[in-house]
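2 protein chains.
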Amino acid sequence: MTGLKSREIHLKEYPKGAPTADLYEIKEVDVREPGEGEVLIRIVWMTVDPYMRGRMRPDVKSYIPPFQLGEPLDGGAVGQVVKSNAEGFAEGDYVVGFNGGWREYYTGPAEAYTKVDPNLAPLSAYLGVLGMPGMTAWAGVTQIMEPKEGETMMVTGAAGAVGSIVCQIGKLKGCKVIGSAGSQEKCDWITSELGVDVAYNYKDFDGSSAKLSKFLAEQAPKGIDTYFENVGGFQLEALLNNIGFGGRIALCGMISVYNNTDPEPGPANLTNLIGRGVLVRGFIVSNYMNLMTQFFGEMGPWVASGKVKFRETVYEGLDSAPEAFAGLFTGDNTGKVVIRVGPDSM
Amino acid sequence: MTGLKSREIHLKEYPKGAPTADLYEIKEVDVREPGEGEVLIRIVWMTVDPYMRGRMRPDVKSYIPPFQLGEPLDGGAVGQVVKSNAEGFAEGDYVVGFNGGWREYYTGPAEAYTKVDPNLAPLSAYLGVLGMPGMTAWAGVTQIMEPKEGETMMVTGAAGAVGSIVCQIGKLKGCKVIGSAGSQEKCDWITSELGVDVAYNYKDFDGSSAKLSKFLAEQAPKGIDTYFENVGGFQLEALLNNIGFGGRIALCGMISVYNNTDPEPGPANLTNLIGRGVLVRGFIVSNYMNLMTQFFGEMGPWVASGKVKFRETVYEGLDSAPEAFAGLFTGDNTGKVVIRVGPDSM
Chain R
1 MTGLKSREIH
11 LKEYPKGAPT
21 ADLYEIKEVD
31 VREPGEGEVL
41 IRIVWMTVDP
51 YMRGRMRPDV
61 KSYIPPFQLG
71 EPLDGGAVGQ
81 VVKSNAEGFA
91 EGDYVVGFNG
101 GWREYYTGPA
111 EAYTKVDPNL
121 APLSAYLGVL
131 GMPGMTAWAG
141 VTQIMEPKEG
151 ETMMVTGAAG
161 AVGSIVCQIG
171 KLKGCKVIGS
181 AGSQEKCDWI
191 TSELGVDVAY
201 NYKDFDGSSA
211 KLSKFLAEQA
221 PKGIDTYFEN
231 VGGFQLEALL
241 NNIGFGGRIA
251 LCGMISVYNN
261 TDPEPGPANL
271 TNLIGRGVLV
281 RGFIVSNYMN
291 LMTQFFGEMG
301 PWVASGKVKF
311 RETVYEGLDS
321 APEAFAGLFT
331 GDNTGKVVIR
341 VGPDSM
Chain B
1001 MTGLKSREIH
1011 LKEYPKGAPT
1021 ADLYEIKEVD
1031 VREPGEGEVL
1041 IRIVWMTVDP
1051 YMRGRMRPDV
1061 KSYIPPFQLG
1071 EPLDGGAVGQ
1081 VVKSNAEGFA
1091 EGDYVVGFNG
1101 GWREYYTGPA
1111 EAYTKVDPNL
1121 APLSAYLGVL
1131 GMPGMTAWAG
1141 VTQIMEPKEG
1151 ETMMVTGAAG
1161 AVGSIVCQIG
1171 KLKGCKVIGS
1181 AGSQEKCDWI
1191 TSELGVDVAY
1201 NYKDFDGSSA
1211 KLSKFLAEQA
1221 PKGIDTYFEN
1231 VGGFQLEALL
1241 NNIGFGGRIA
1251 LCGMISVYNN
1261 TDPEPGPANL
1271 TNLIGRGVLV
1281 RGFIVSNYMN
1291 LMTQFFGEMG
1301 PWVASGKVKF
1311 RETVYEGLDS
1321 APEAFAGLFT
1331 GDNTGKVVIR
1341 VGPDSM
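Chains as they are written, first to last, in my numbering: chain R, 1 to 346; chain B, 1001 to 1346.
The set of hints was computed from the structure by calculation and includes no laboratory data. Note that the structure is a prediction, hence the values are computed from the model and not measured. A couple of the hints might just be wrong.
Which bits of chain R does chain B cover? Going by a derived footprint, with three or more residues having C-beta under 8 Å, they are [as the list claims (entries may be wrong)]: (1) 103-109; (2) 250-256; (3) 273-281.
C-beta: ideal position from N, C-alpha, C; glycine also.
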């Protein structure tokens, strides 16, 4: 035993709709010694992401197993190595990996971690623009949408952790970018700071795909060439009325339906995909892990030079994680949501 | 003037739902002389295809303009050259092309026609297995689904002109093939004659995607790798519950919704596309016209050697075209529907 205690967050029961705060409990456990090839990490930052809601559905077959009741939740985290029993990792190293979130200390296989440089970017950026959200945005744009200069790109959830990066890559590729968000403040941010050409507050359209279709037709009279889908629902239906011939759609998320207790029917105009010869690809970032080096090679310089900007919504302390997670579905956040679990250094 | 008279079928009004016989009228017109680069053709066979229903919606933007009221309908046909004013075409030649259907004689640009050999295959085959339906099937399978040996393929409309070819290519590629059709007789045909492994009558499932999902899960416990979509509706929803990780879907048609007067919502489980990393591509055969030579190179020998079989539902006489067309939407036909407009030779 290490003598260290770690508080960790467990799920007491699976959510029916929105993931409310009463579904969780905090337990304190002893932190175990790292075995052969393992490291013991003190968590500095943890992330909450919409895909975690999918892991709270025990009955749905997915790419990742559901969270178990009575065990700690898990997710991506940036931490500092406290004790290493693995080659290449030393005490004091900063690392990022897929495990260790939702708790203060984590002992596990070192192979799930990558060392990061705390001087290149703030540590939390490795959970955002230089982490999975950034790579998700980059992979969707470069591997599926393949935008060409002069084309029109549309992005839902455009002020979010992923969408805000998609918009900026779209501009770097020479596209006219149309982005949607859920408040005037977010729309202002993506136009003034990120260079988005047209921003709209989807709440202004009262869930009417017909109204939104008309608006999009005015903004993109020749059709929308590429689409990055984060939201689903009536915006997808409106997009399908305006998708151009040979359009490409990256399906990354459909956050509008994740909390539905009853299934919501899909768009009534899927047949448009046929006549217009449209490509749709659903994807998760792990499909493209082999391109990690290429991602860092492109995104690193963009971030360092300020060509790609990022914004964070910071929650303080492990206990705020349930609230931060719930906020993903209410639109309370802008940019990447990160939770500070401990200080950068002790 | 040629002195020839041609009867041709016009659309009097656009259909609201199913395309009933009272929407048409037959007019007799004078046949004009071919101008420079044109041919005058006597139509031997004409085709009716589901896409023509799409051309009967004057308000929908599509890849091909809508039919005009008061003008003849048009579509693919095989005919014999009566008079040629174009290089490479002589009187007596047999040709296939996209124009000339729905009438007895047609004068138009020779460039829309390809000469065919009446001794290689029956003339009507150039509207089916060696024509657009065959090429549609071949392109969907080889360019989008890319089936691998040992995988499971599913096909709706599996006894139809396109689906029956898809099934057979699936077997030639070493797949387990699941096909759906609308009668026991059709199911028997695709299993006994085409080698389909599992055939089901979709009417047995009462439009319940849950019931069909369960059946498909039993037939393909590891998931369905590739899907050729001809039909849409509840079968698509059931398929999306059973699509495998990395699945590929060719969207060719959604015949179940073409006659709907009210839009029918799409499947409620589109999010499955995301987690399972599924590719969906809508397509029309003209996207792949540059592969015509490759198509003939593969399909020609398959047909000649009997590896790919085909079946036709033959209607006699131009006047039967409206009935033949309506039959596409009621499931009254098996294989390719062709209409004999005139004798092979005069």
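These are the hints, each one checked on the structure:
no., hint, result
1, 103-109, "violated (count 0)"
2, 250-256, "holds (count 4)"
3, 273-281, "holds (count 9)"
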